[in-house]
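Trainee: Sequence:
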Amino acid sequence: MQNGEIAMGEKLFSQMKKDTTTYGVMMSGYVKNNRAQDAIDLFFKIGKPNDVNLLVFFSACAQLGDEKALNLGKQMFSRLSTDFHEKNNKVLHAVLYMFIKCSDIKNAEKLFARLNKNVITYGSMMTMYNSRNEPEKTLTLFEQMKMEKIEPNDKIFVLIINAFFQLGDLLKAQELFVKIQTKTSIVYDAMLNGLANNNRGEQALDLFRQMTVLPNEYTFTILFKICTQIGDKNSIQFGKNLLENIPVQYQTNTVVFNSALHMLMQNGEIAMGEKLFSQMKKDTTTYGVMMSVNAYGLNGMGMEAVKLFRQIPPDKVDDVINVCVLNACSHSGLIDEAREIFRNIPRKERTEKIYTAMIDALSRSNLVDEAQDLISEFEQSHSPCYSMYMSILSAARNQRNPSLAQKIFDRIQPHFHNQQDYSTSAAVLLANTYALSGDWSAASDIRMKMNQSGMRKMAGLSWTVVDEKIVKFRAHDRSHPQSEEIYAELERLTSELIEHGYKCDTSWITRPLMNDETEESVISGHSERLAIAIHLIQRPVPSRIQVMKNLRVCGDCHHARET
1 MQNGEIAMGE
11 KLFSQMKKDT
21 TTYGVMMSGY
31 VKNNRAQDAI
41 DLFFKIGKPN
51 DVNLLVFFSA
61 CAQLGDEKAL
71 NLGKQMFSRL
81 STDFHEKNNK
91 VLHAVLYMFI
101 KCSDIKNAEK
111 LFARLNKNVI
121 TYGSMMTMYN
131 SRNEPEKTLT
141 LFEQMKMEKI
151 EPNDKIFVLI
161 INAFFQLGDL
171 LKAQELFVKI
181 QTKTSIVYDA
191 MLNGLANNNR
201 GEQALDLFRQ
211 MTVLPNEYTF
221 TILFKICTQI
231 GDKNSIQFGK
241 NLLENIPVQY
251 QTNTVVFNSA
261 LHMLMQNGEI
271 AMGEKLFSQM
281 KKDTTTYGVM
291 MSVNAYGLNG
301 MGMEAVKLFR
311 QIPPDKVDDV
321 INVCVLNACS
331 HSGLIDEARE
341 IFRNIPRKER
351 TEKIYTAMID
361 ALSRSNLVDE
371 AQDLISEFEQ
381 SHSPCYSMYM
391 SILSAARNQR
401 NPSLAQKIFD
411 RIQPHFHNQQ
421 DYSTSAAVLL
431 ANTYALSGDW
441 SAASDIRMKM
451 NQSGMRKMAG
461 LSWTVVDEKI
471 VKFRAHDRSH
481 PQSEEIYAEL
491 ERLTSELIEH
501 GYKCDTSWIT
511 RPLMNDETEE
521 SVISGHSERL
531 AIAIHLIQRP
541 VPSRIQVMKN
551 LRVCGDCHHA
561 RET
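The UniProt record's numbering puts the first residue of the sequence shown at 1, with every later residue one more than the last.
Be careful, since some hints might not be right.
No more than 30 Å apart at the CA atoms, straight line, and that leaves these computed lysine-lysine pairs for DSSO-like [as the list claims (entries may be wrong)]:
{"id": "1", "residue 1": "LYS146", "residue 2": "LYS172"}
{"id": "2", "residue 1": "LYS87", "residue 2": "LYS106"}
{"id": "3", "residue 1": "LYS32", "residue 2": "LYS90"}
{"id": "4", "residue 1": "LYS74", "residue 2": "LYS110"}
{"id": "5", "residue 1": "LYS172", "residue 2": "LYS137"}
{"id": "6", "residue 1": "LYS240", "residue 2": "LYS90"}
{"id": "7", "residue 1": "LYS32", "residue 2": "LYS17"}
{"id": "8", "residue 1": "LYS137", "residue 2": "LYS90"}
{"id": "9", "residue 1": "LYS172", "residue 2": "LYS503"}
{"id": "10", "residue 1": "LYS32", "residue 2": "LYS11"}
{"id": "11", "residue 1": "LYS179", "residue 2": "LYS155"}
{"id": "12", "residue 1": "LYS469", "residue 2": "LYS172"}
{"id": "13", "residue 1": "LYS117", "residue 2": "LYS18"}
{"id": "14", "residue 1": "LYS87", "residue 2": "LYS137"}
{"id": "15", "residue 1": "LYS179", "residue 2": "LYS149"}
{"id": "16", "residue 1": "LYS117", "residue 2": "LYS87"}
{"id": "17", "residue 1": "LYS68", "residue 2": "LYS106"}
{"id": "18", "residue 1": "LYS472", "residue 2": "LYS407"}
{"id": "19", "residue 1": "LYS179", "residue 2": "LYS137"}
{"id": "20", "residue 1": "LYS282", "residue 2": "LYS179"}
{"id": "21", "residue 1": "LYS503", "residue 2": "LYS549"}
{"id": "22", "residue 1": "LYS469", "residue 2": "LYS449"}
{"id": "23", "residue 1": "LYS183", "residue 2": "LYS172"}
{"id": "24", "residue 1": "LYS18", "residue 2": "LYS110"}
{"id": "25", "residue 1": "LYS90", "residue 2": "LYS17"}
{"id": "26", "residue 1": "LYS469", "residue 2": "LYS503"}
{"id": "27", "residue 1": "LYS18", "residue 2": "LYS45"}
{"id": "28", "residue 1": "LYS106", "residue 2": "LYS18"}
{"id": "29", "residue 1": "LYS117", "residue 2": "LYS183"}
{"id": "30", "residue 1": "LYS179", "residue 2": "LYS469"}
{"id": "31", "residue 1": "LYS110", "residue 2": "LYS137"}
{"id": "32", "residue 1": "LYS32", "residue 2": "LYS68"}
{"id": "33", "residue 1": "LYS503", "residue 2": "LYS449"}
{"id": "34", "residue 1": "LYS90", "residue 2": "LYS74"}
{"id": "35", "residue 1": "LYS90", "residue 2": "LYS106"}
No lab work stands behind these hints, which were simulated from the structure alone.
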C-alpha cells in the first residue's frame, strides 16, 4: 500500500486474519493514496478501534475536507470520553487538523484552546489563519508561543514571515529573517517569494546570491517567476544561467522546468523555449505552459500554436489548453483552424470558457451571425454569459457598426439589467460605436442617460513597475512628479513615430474636442502611452517594458506601439 500497489494490498488484506493493527495499516495505505473514503468505510468495520485507527480516521476526514466528512468526524469525536480527551493528544491533534481542513474555524479554535500545545498545533493554526488572510492572529499565536517557551522551528518562521508580508510589513519580515540563526532553504524561499509578491524582484535576486544553503525545487520556481516578473535583459539572462546550472537532482523535475519554460515563453524567448520543451519531461502543465502564456498568439504565430496542439496527447489536453489554442487562433485570424478544434471538442466538454474563446475568434473575424448562433446554442443549457456578448459588441465597435452594436446591446439588457457594472460597460461600448461611426448625437444621448441613471464609467488605468514600485496613470494624468519629462518624451516619441509612417487614427476619439485640444493631443495622452514614456526617460532605458491595463487598449495606441 505504501508503494501504490493498492490492488495487491487489498487482495492480501482480504485473505489475512484481521485485527486493529491490520485495519490501521490498510487505512493508512488508503489515505496515503488519496482514497480517504475507502479508509473511512473500512474504519466502520472495526469492532473496537484503537488510537491509531481513530487518528487515521480523522486524517481521512481531513483529506476529504467536505461537510459530510466533517459531520462524520464530529459524530465520532462526540463519542469519545472526557478521559480520552485528556490522555490522547495525538488523536486530538488529528481532530484539530480535521476541523481546520474542513473550515470549521469555531470548533478548531475551541479545541486548540484546551489542547496541550506543541509546535505542530501552533503551526496548523497559523497556517489556517494565513490562508484566511488573518495574519494578525498568526502573529498573536507567535507571541503566545514565546510566552509558553515553545521553540519555533523553520516552518513556524516561514509562517511568521508570510504573515508580515501579508500585512505589507517588509521591514518586520526582514528583521525576523536576520535574527533566525539557522536559515534553511524554506526560510529563504519565504523571503524570496514575499519579496517577489511585493515587487521587490531585484532585492530577491540579491538575497539569492547571498544564500548560504542549497536551494530546493521551490527556490528555483520562485527565481524563474521573479525573472519573468522583472522581464528585462539582465533578469532573463540570469534565468537562462540558472537554467544551465540546475543541480543534477532536479534535472528531471517537471515543476522546476515548467517554471523555466514559462519564463522563456512569457518573455518572447520562443526558440529557446521550444528547445527546452523538446528536451524536457512533460506533464499536462508543460503543455499548458506552452499554450497558456499565449506567446504564439501574441507574436502572430497562431499556426505554431495549432501545430503544437496537434502534438499533445489527448489525455493531456484540458480546458486551459483548449481555450489557449482557440485564443491563439483568434489573435492570428485562423478561423478555420479554430472551427476544427472547437468541433472536435465533445459538446458535453465545451465549457463556458471554451465557448467564449470560440465566440471571440468568430467576432474578431467579423463572423457575428455565426457567433450569435453559438451563443444561442450555449444558452440552450446554460445561463447567459456576459463576456460572450461583449466579444460581439467589441466586434461591432471595431466595424463601426452601430446597428449591430444596438442589436447586441438590446440582447444584453434583459439578461444583465440588475448588474450595473455589466450594463455600464456595454453602454460605454455602444456609445463609442456611435461616436466612431460619426453619430455624435446618439453617443451623447447614451452618455446622458448613463448619467441620469447613476451609471459611472470605469476609469481607464494603466500601471507599470518602475524601480520596483507600481506607477499608475489615467488618461492625461499629470500627477506624477516627472510629468513634465514624461510629456516631453511623448512629444518626442510622437514626432519619431510620424517619421516612420505613423498617422493618428482619429476615429478612436469618442468625444467632442475641447477648445484647447487637438486630435493628436487627445490620443497621445492615453494612459498606456504615459506608462511607456516613463520607462523611456529612465537611464538606462529598460530592454523590456510591461504595461498592464484594466480596460482594453485603444486601436490607435496598439497601432502606434507596433510602429
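Trainee: Holds or violated: LYS240 and LYS90, Cα atoms, limit 30 Å.
Mentor: Distance of about 47 Å is beyond 30 Å: violated.
Trainee: For LYS117 and LYS183, compute the direct alpha-carbon distance and say whether it is at most 30 Å.
Mentor: Holds, at roughly 24 Å.
Trainee: For a C-alpha distance cap of 30 Å, please report whether LYS469 and LYS503 respect it.
Mentor: violated, 33 Å
Trainee: Between LYS117 and LYS18, does the CA-CA distance stay at or below 30 Å?
Mentor: With Cα atoms ~35 Å apart, LYS117 and LYS18 exceed 30 Å; violated.
Trainee: Straight-line Cα separation of LYS137 and LYS90 no greater than 30 Å?
Mentor: holds, 24 Å
Trainee: Do the alpha carbons of LYS18 and LYS110 lie within 30 Å of each other, as the hint requires?
Mentor: Violated - the C-alpha atoms of LYS110 and LYS18 are around 37 Å apart, more than 30 Å.
Trainee: Between the alpha carbons of LYS90 and LYS74, is the straight-line distance 30 Å or under?
Mentor: holds, 16 Å
Trainee: Within 30 Å, alpha carbon to alpha carbon, are LYS183 and LYS172?
Mentor: Holds - the C-alpha atoms of LYS172 and LYS183 are around 16 Å apart, at most 30 Å.
Trainee: Just to be careful, I want the Cα atoms of LYS32 and LYS11 compared with a cutoff of 30 Å; is the pair within it?
Mentor: Measuring from Cα to Cα gives roughly 18 Å; hence the hint holds.
Trainee: CA of LYS18 to CA of LYS45, is that 30 Å or under?
Mentor: Holds, at roughly 11 Å.
Trainee: Verify the proposed pairing of LYS179 with LYS137, using a straight-line Cα cut of 30 Å.
Mentor: holds, 22 Å
Trainee: Run the distance test for LYS117 versus LYS87: straight-line Cα separation, threshold 30 Å.
Mentor: Holds, at about 13 Å.
Checked against the numbered hints given earlier, this structure breaks hints 6, 9, 13, 18, 20, 22, 24, 26, 28, 33; the rest are met.
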